[in-house]
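Asker: The whole structure should be built from the sequences, with the hints applied where relevant.
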Amino acid sequence: MDSLSYRTLSPNAQSIDHEWVVIDATDQPLGRLCSKVAKLLLGKYKPSYSPNVECGDNVIIINAEKVKLTGKKMTDRVYLSYTGYPGGQRETTPEVLIKKSLSKSAKPGYHPLYLKVMKGMLPKNRLGRKLIGNMHVYNGENHPHEAQNPKVIDINKLK
1 MDSLSYRTLS PNAQSIDHEW VVIDATDQPL GRLCSKVAKL LLGKYKPSYS
51 PNVECGDNVI IINAEKVKLT GKKMTDRVYL SYTGYPGGQR ETTPEVLIKK
101 SLSKSAKPGY HPLYLKVMKG MLPKNRLGRK LIGNMHVYNG ENHPHEAQNP
151 KVIDINKLK
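The numbering of the sequence shown is the numbering used here, which starts it at 1 and goes up by one.
No lab work stands behind these hints, which were simulated from the structure alone.
Using N, Cα and C, we set each Cβ at its ideal position, and we do this for glycine too.
A portion of the hints provided could be inaccurate.
Derived EDC-like pairs: lysine to aspartate or glutamate, alpha-carbon spacing no greater than 16 Å straight-line [to be verified]: (1) Lys151 to Asp24; (2) Lys46 to Glu19; (3) Lys99 to Glu65; (4) Lys46 to Glu91; (5) Lys66 to Glu91; (6) Lys66 to Glu146; (7) Lys116 to Glu54; (8) Lys73 to Glu91; (9) Lys124 to Glu54.
Computed Cβ-Cβ distance ranges for the label pairs, DEER-style [to be verified]: (10) Pro144 to Asp76: 28 to 36 Å; (11) Ser50 to Lys104: 37 to 45 Å; (12) Asn12 to Thr75: 26 to 34 Å; (13) Ser103 to Asp17: 19 to 27 Å; (14) Thr75 to Ala13: 16 to 24 Å; (15) Thr83 to Lys104: 38 to 46 Å; (16) Thr26 to Tyr110: 13 to 21 Å; (17) Ser103 to Arg7: 24 to 32 Å; (18) Asn12 to Lys72: 24 to 32 Å; (19) Lys73 to Asn125: 25 to 33 Å; (20) Gly31 to Arg126: 20 to 28 Å; (21) Glu146 to Ile16: 43 to 51 Å; (22) Ser103 to Asn125: 25 to 33 Å; (23) Ile16 to Thr75: 38 to 46 Å.
Answerer: Here is the structure:
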């Protein structure tokens with residue numbers, strides 16, 4: 001009897017192939033979109049998923065400003081942050097974060113609203129901090145990652 005056939009194979013960083021995926025965020029609910037993107041970043045849609053290895057894909061989100069928030073969430077939802085100083089608690093809304101992403105001084109590929117939402121859905125450790133760098137968010141149709149030959153997927157087909 002061959003004892004090697006019963007071994008459980010766990011993936012390592014060298015055996016994982018990272019794909020590039022483009023997702024269109026037009027008229028998608030923000031939370032549902034980001035939860036599926038979190039699964040893509042973690043690699044949970046792949047058969048070689050392992051919770052301690054970065055085995056997910058690189059995700060490009062286009063048309064990020066056209067995302068949908070139901071009800072009055074655009075103005076009434078409040079995100080809190082703290083500067084570290086006394087009296088340093090700051091409040092922002094999704095409307096303010098979207099306006100901040102449309103400004104000229106915003107770093108391309110980083111959208112403050114998506115970063116805020118995705119950080120809550122990823123692990124709170126060094127793996128989660130590494131995975132958030134695999135997400136690239138752009139407000140328009142264009143993105144500078146054409147050299148990676150990304151494939152366009154429909155986010156509604158994923159579970």
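Asker: It remains to establish, for every hint, whether it holds in the given structure.
Answerer: Consistency of the hints with the structure:
For the hint linking Lys151 to Asp24, the alpha-carbon distance of about 12 Å falls within 16 Å, and the restraint holds. Annotation: proposed proximity of Lys46 to Glu19 holds, straight-line Cα distance about 11 Å (limit 16 Å). Of the supplied pair hints, the one linking Lys99 and Glu65 holds, its CA atoms being roughly 9 Å apart against a limit of 16 Å. Using a Cα cut-off of 16 Å, the hinted pair Lys46 and Glu91 is violated, with the two alpha carbons roughly 38 Å apart.
Between Lys66 and Glu91 the alpha-carbon distance is near 23 Å, which puts this suggested pair outside the 16 Å criterion. Among the hinted pairs, Lys66 with Glu146 is inconsistent with the structure: their alpha-carbon atoms are about 22 Å apart, more than 16 Å. Restraint check for Lys116 and Glu54: the C-alpha separation of about 21 Å exceeds 16 Å, so the hint is violated. Of the supplied pair hints, the one linking Lys73 and Glu91 holds, its CA atoms being roughly 14 Å apart against a limit of 16 Å.
Proximity of Lys124 to Glu54 is assessed by CA-CA distance (about 14 Å); at most 16 Å being required, the pair is judged to hold. At about 35 Å, the CB distance of Pro144 to Asp76 agrees with the hint of 28 to 36 Å. For Ser50 and Lys104, the hinted distance range of 37 to 45 Å is satisfied, since their beta carbons lie about 41 Å from each other. The hint said 26 to 34 Å for the Cβ distance between Asn12 and Thr75, and at roughly 47 Å that hint is violated.
About 36 Å separates the C-beta atoms of Ser103 and Asp17, a value inconsistent with the hinted range of 19 to 27 Å. At roughly 43 Å, the beta carbons of Thr75 and Ala13 sit outside the given window of 16 to 24 Å. A C-beta distance of roughly 24 Å is found between Thr83 and Lys104, which places it outside the suggested range of 38 to 46 Å. Evaluation of the 13 to 21 Å hint for Thr26 and Tyr110 yields a pass: the beta carbon distance comes to about 20 Å.
Between Ser103 and Arg7 the beta carbons are some 54 Å apart, a value that contradicts the proposed interval 24 to 32 Å. Separated by about 47 Å at the C-beta atoms, Asn12 and Lys72 break the suggested range of 24 to 32 Å. Range check, Lys73 to Asn125: about 29 Å between beta-carbon atoms, so the 25 to 33 Å window is met. In this structure the hint that Gly31 and Arg126 lie 20 to 28 Å apart at CB holds, the actual value being about 25 Å.
Between Glu146 and Ile16 the CB atoms are about 23 Å apart, so this pair departs from the stated range of 43 to 51 Å. At about 31 Å, the beta-carbon gap between Ser103 and Asn125 stays in the expected band of 25 to 33 Å. About 42 Å separates the C-beta atoms of Ile16 and Thr75, a value consistent with the hinted range of 38 to 46 Å.
Of the numbered hints given earlier, the model fails hints 4, 5, 6, 7, 12, 13, 14, 15, 17, 18, 21; all others are met.
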